[in-house]
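S.K.: Sequence:
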Amino acid sequence: MLGQKDRRQPELFVVGSLKDLLPEDHVLVRVDKVLDLSWLEAEVAGLYSADKGRPGIAPEVAVRLMLAGMLLGIVHDRRLMREARVNLAIRWFIGYGLHESLPDHSSLTRIRQRWGADRFRRIFVRTVQACIAAKVAKGEIVHIDSSLIRANVSWDAIARRHVDAVEVANTQESGEDGGDGPTSPRAKRKKIATCISDPDATLSKNNKAHRSEPSYKHHTAVDAERGVVLDVAVTTGAVHDTKAVEAQLDAITATTGADIQAVTMDASYAITRIFADLEARSIEAVIPAKAERPPKTGVIPVRRFKYDAKNRIVRCPGGKLLRPHGKPDCDGFQHYRAQAPDCRACRLRQQCFSENMKRRAILLHKDHDALLRARRKYARWGDHEAALYRSHRIRVEGYHGEAKTWHGLARAVRRGLANMQIQAYLAAAAVNLKRLAAAIAAAVFPLLLKRSGRPERPTVFPRPRDIQFA
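For the sequence shown, full-length UniProt numbering assigns the number 1 to the initial residue and increments by one for each residue that follows.
None of these hints come from the bench; they were simulated from the model.
Quick reminder that beta carbons are idealized off the backbone N, C-alpha and C, glycines included.
Hints may be right or wrong, so weigh each one.
Cβ pair distances, simulated, as ranges [unchecked claim]:
#1 114 <-> 380: 20 to 26 angstroms
#2 313 <-> 381: 30 to 36 angstroms
#3 205 <-> 329: 22 to 28 angstroms
#4 381 <-> 33: 21 to 27 angstroms
#5 156 <-> 283: 27 to 33 angstroms
Straight line, CA to CA, 25 angstroms or less: simulated SDA-like cross-link-like pairs of lysine to any residue [said to hold, decoys possible]:
#6 320 <-> 359
#7 19 <-> 72
#8 296 <-> 358
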């Protein structure tokens, strides 16, 4: 018999709860079971007046709205509030009924401005601690990487301005006492591109094959267990990948309370300072150490020079000493040079340096021995190190792809470093809640089957190793 449905007859009453209309495997239903924001009101109470003004949007409602947007890939406030008007799951998730008026989209903007990035970081840290408490993450093996995020500016907002860049001349050769020679600064006019509408964004690119774009840099530390994001930092795009490593390691230890045993990074982090810092922390560095660059023709490579870190001297292949010259620079690099008479009488003179030079000089970091040990270790990598480095690509690079594809990190939504930090914290918090909910569901579902007496069958929930795609 042909069925019919009269769409013109309005429904006068809605019987039951909105929860009854939502499937149990909906992402907001699952996240609601692990989300605890009971502490938030006391955290932000000092930012509001106790007896003046009209009541604002509840803090928990605001955060739930933002998290719902991140979980569903809706990052713009206007679009999120339009979706919340018709989306039953969002209404139920934030605690609003069908007939209640939703907050205005501008309320979310004012809340971000009032709270600042620090309070959103605390929300993110709470999700990390919840994952640690549920043993979904351990914080012992950490994968660190960075990714560029396109800033919310157009090419018309890029302007080139002239600045005076002062270059300090190389230290001139001094007398026989080996003291510092005079320096003469040289002023040089240099063109630097800036974003007029967002000065915090800088022109950056991933590699030489890509063109530079106004970007921010998103530094991420991910747990090796199930891909929980342990720490997030956002800088301008021009900041080098390694600048945020030490602060992130300290933050991870403070958040998790666990000692980091191993850290994996890609080759862009293979610099002396990183190897020395990880050695000082007793952390295993799983980083592909870069080999020394091939020297110019007719030049003996630096690897043939023996470095004595204790006495701060270098011995050349001919047996002569190279002593420190001048002071170390701000990055810890020190010039070492030989005596001119030693080089003139050396049998390796023609093979060591060019004819227009009087003596051999090399530049080494104060922790150069840490780099040498890292290179020797990389040459002896076994199955353990190879497995950790493969996990690096799956976990941290997988998170970057997931966050950019599904959680709105492909492009900055708002302008300014603080707004970009808030966006990164919310995206990481949303992913952590998703990981936690999926892990708990994967653990509980077999127990429910066993209690019901039904035979076990393949679970519809993601497996632990696939939680990042939940």
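S.K.: Now tell me if each hint is right for this structure.
M.R.: Outcome of the hint check:
1. 114 <-> 380: 20 to 26 angstroms: violated (54 angstroms)
2. 313 <-> 381: 30 to 36 angstroms: holds (31 angstroms)
3. 205 <-> 329: 22 to 28 angstroms: holds (26 angstroms)
4. 381 <-> 33: 21 to 27 angstroms: Once the Cβ atoms are compared, 42 angstroms apart, the range 21 to 27 angstroms for residue 33 and residue 381 is violated.
5. 156 <-> 283: 27 to 33 angstroms: Check failed, 46 angstroms falls outside 27 to 33 angstroms.
6. 320 <-> 359: holds (12 angstroms)
7. 19 <-> 72: Within the cut-off at roughly 18 angstroms; holds.
8. 296 <-> 358: Between residue 296 and residue 358 the Cα gap is close to 17 angstroms, so the pair holds against 25 angstroms.
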